[in-house]
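Read top to bottom, the protein sequences are chains A and B. Each residue of the first sequence is one higher than the one before, starting from 1 at the first, in our numbering. Each residue of the second sequence is one higher than the one before, starting from 1 at the first, in our numbering.
A couple of the hints might just be wrong.
As the list claims (entries may be wrong) - Heads up, incomplete: computed chain B residues facing chain A, CB under 8 angstroms, no partners named:
| no. | residue |
| --- | --- |
| 1 | V51 |
| 2 | G55 |
| 3 | V56 |
| 4 | A58 |
| 5 | D85 |
Since the hints were made in silico from the structure, they are not lab data. Built from N, CA and C at the ideal position, the CB exists for glycine as well.
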Amino acid sequence: MLGHVTIRHQVLREGVAVRTFRPGALALPLAAFPLAIGWSTGTYGQPPVGVTSFQLGAHWVVSWLIPVTSACVLSFGMARFGADRRLVAAGSTDPRSRWWRDRGGLIAIFAIVTALAAFSQSTTADEPYLSLLVPSLGGLVVAVAACHVLVARFDPGPGVAAGAAGCITTAVVVLPYLTGGPSLLVIDPTLADWMRHVPGRSHPISAGLLLWTSVAAAAITAARLLPRDVSRLRWITKEAGDHD
Amino acid sequence: MISVRDVGKVFGAATALQGVTFDLEPGIVALLGRNGAGKSTLLGILAGLAVESSGVIAVDGAPLAADRRALRAAATLLPQDPRLDPEVSAKALLRYLLTVRGLDTAPIEGLLDRFGLGGALGDRAIGTLSGGMRQRVGLVYAFATETRMLLLDEPTTGLDPWERLRFTSHLAHAATNATIVYSTHVVSDIEAIANRVLVLERGRLIFDGSPDVLVSMSPPVFVAEGDESTAARLHGSGALTAVTRVGPNRYRVRFLGESLSDEAKQVEPTLNDAYIALTRSAA
């Protein structure tokens with residue numbers, strides 16, 4: 001279905017139709033489903049006093065699970081899929097910039113789904129919407145940047161792309177909470193406090209959010225400018241199979 | 001005019017091209033070479049999709065710097081095995097590819113008709129088309145771009161004789177305004193259509209001239225019949241250019257060099273004979 005939405009998007013905008021997403025990637029979230037259900041229903045976790053396990057689980061879902069799953073799904077779905085890169089690379093726009101134009105609709109759909117998931121968690125856990133929406137969208141920005149840099153700049157196979165994007169995103173949106181690192185590195189400061197058994201809520205727009213979205217933007221810019229011309233991308237003339 | 005001067009390309013420790021020099025003008029240029037000779041690497045560089053490790057490429061006398069947009073705008077590469085999404089229709093994909101390049105999509109309909117993909121065939125998903133039809137979709141793309149240089153890598157793979165005829169007929173028409181570099185290791189494909197032949201061997205350009213000149217360089221060619229050991233001996237010496245089984249342990253062999261017996265008949269060399277003689281001596 002998502003593939004069809006992408007096609008319709010392309011048809012509406014340019015009068016042309018291409019697929020930019022491997023529909024089979026939509027099966028990947030099934031692997032995360034049990035964890036999402038467990039956290040959403042308050043099955044796991046030891047929240048601080050005054051915080052319910054539903055609220056703690058809601059933050060885990062939106063701050064960890066959605067970004068990491070999005071990174072894997074987007075990377076697996078986009079890596080080495082669509083029109084032949086040697087043909088697209090001949091276009092008037094650099095293929096790394098073209099990536100955004102061809103996949104913007106799909107990324108917007110992921111952002112909407114993320115916002116809906118945050119709303120759903122907010123309703124069931126009685127947690128303020130913004131305190132869930134902001135970290136989930138921040139995590140999605142990191143996931144999309146990781147996917148873009150890997151797929152558009154280095155062009156690995158779908159399995160490698162999903163694994164690498166998942167690892168990078170996990171390092172940003174999961175590790176800082178588990179290691180108890182500096183609060184500057186966490187996108188969701190409320191969750192970081194709760195994991196240290198400190199009750200209360202921090203402002204959703206945190207230093208960590210600004211830091212990681214800035215790093216994401218810098219990585220995207222570097223991937224576009226280094227190297228400047230597409231002819232210096234060594235993989236562009238090497239066409240392997242669609243699969244690892 | 002595209003000028004290639006002393007171009008080399010290195011991938012790590014492997015040398016794909018070295019000291020390649022030639023000029024390209026309108027017409028059909030056959031690029032011959034064995035598998036791994038460097039043909040696809042050279043085509044990638046000419047298409048502006050890869051950059052040489054050494055040497056200079058100039059367009060209309062202006063040497064190219066790091067930015068290869070001018071070359072990409074002037075050239076169209078049809079790869080040997082283009083990845084065509086099986087779920088998308090030929091027309092949709094062709095429109096997309098031309099739109100990506102900022103080119104007019106108007107030539108698509110006429111070319112689809114010309115290559116036997118008009119009507120409902122063009123609207124069918126590419127995955128439902130035969131291998132030859134998919135190859136024709138790629139050819140329609142290449143010709144629809146109407147760029148001044150076409151780089152065709154093994155373009156006749158999967159085409160039946162009638163389609164080859166249709167393709168070569170259109171190729172001759174397109175070559176009046178464009179430079180067409182036709183890469184292949186099937187020499188017979190280009191025998192009747194190429195004005196010029198470039199032969200690559202292990203990354204080096206070992207011949208640049210007309211097919212007639214290449215044929216004139218061929219040593220004498222003979223045809224004879226013999227048993228399996230004769231064919232094996234000729235094959236081992238690299239003199240064999242063709243072999244046909246004509247009966248039990250009986251073979252008709254075509255070979256270069258000296259007559260093996262009084263029964264061997266000398267025949268006119270073909271481009272294939274000349275190409276094998278050239279690459280054999282280079283190897």
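Minimum beta-carbon distance criterion (8 angstroms), B/V51 to chain A:
5 angstroms, holds
Hint check, B/D85 versus chain A [nearest Cβ-Cβ separation less than 8 angstroms]:
5 angstroms, holds
Using the nearest Cβ pair, does B/V56 come within less than 8 angstroms of chain A?
With Cβ-Cβ at 14 angstroms, over 8 angstroms, it is violated.
Using Cβ atoms only, decide whether B/A58 comes closer than 8 angstroms to chain A, and label the hint accordingly.
15 angstroms, violated
If you take the shortest Cβ to Cβ gap from B/G55 to chain A, is it below 8 angstroms?
14 angstroms, violated
Comparing the model with each earlier hint shows violations of hints 2, 3, 4; every other hint is respected.
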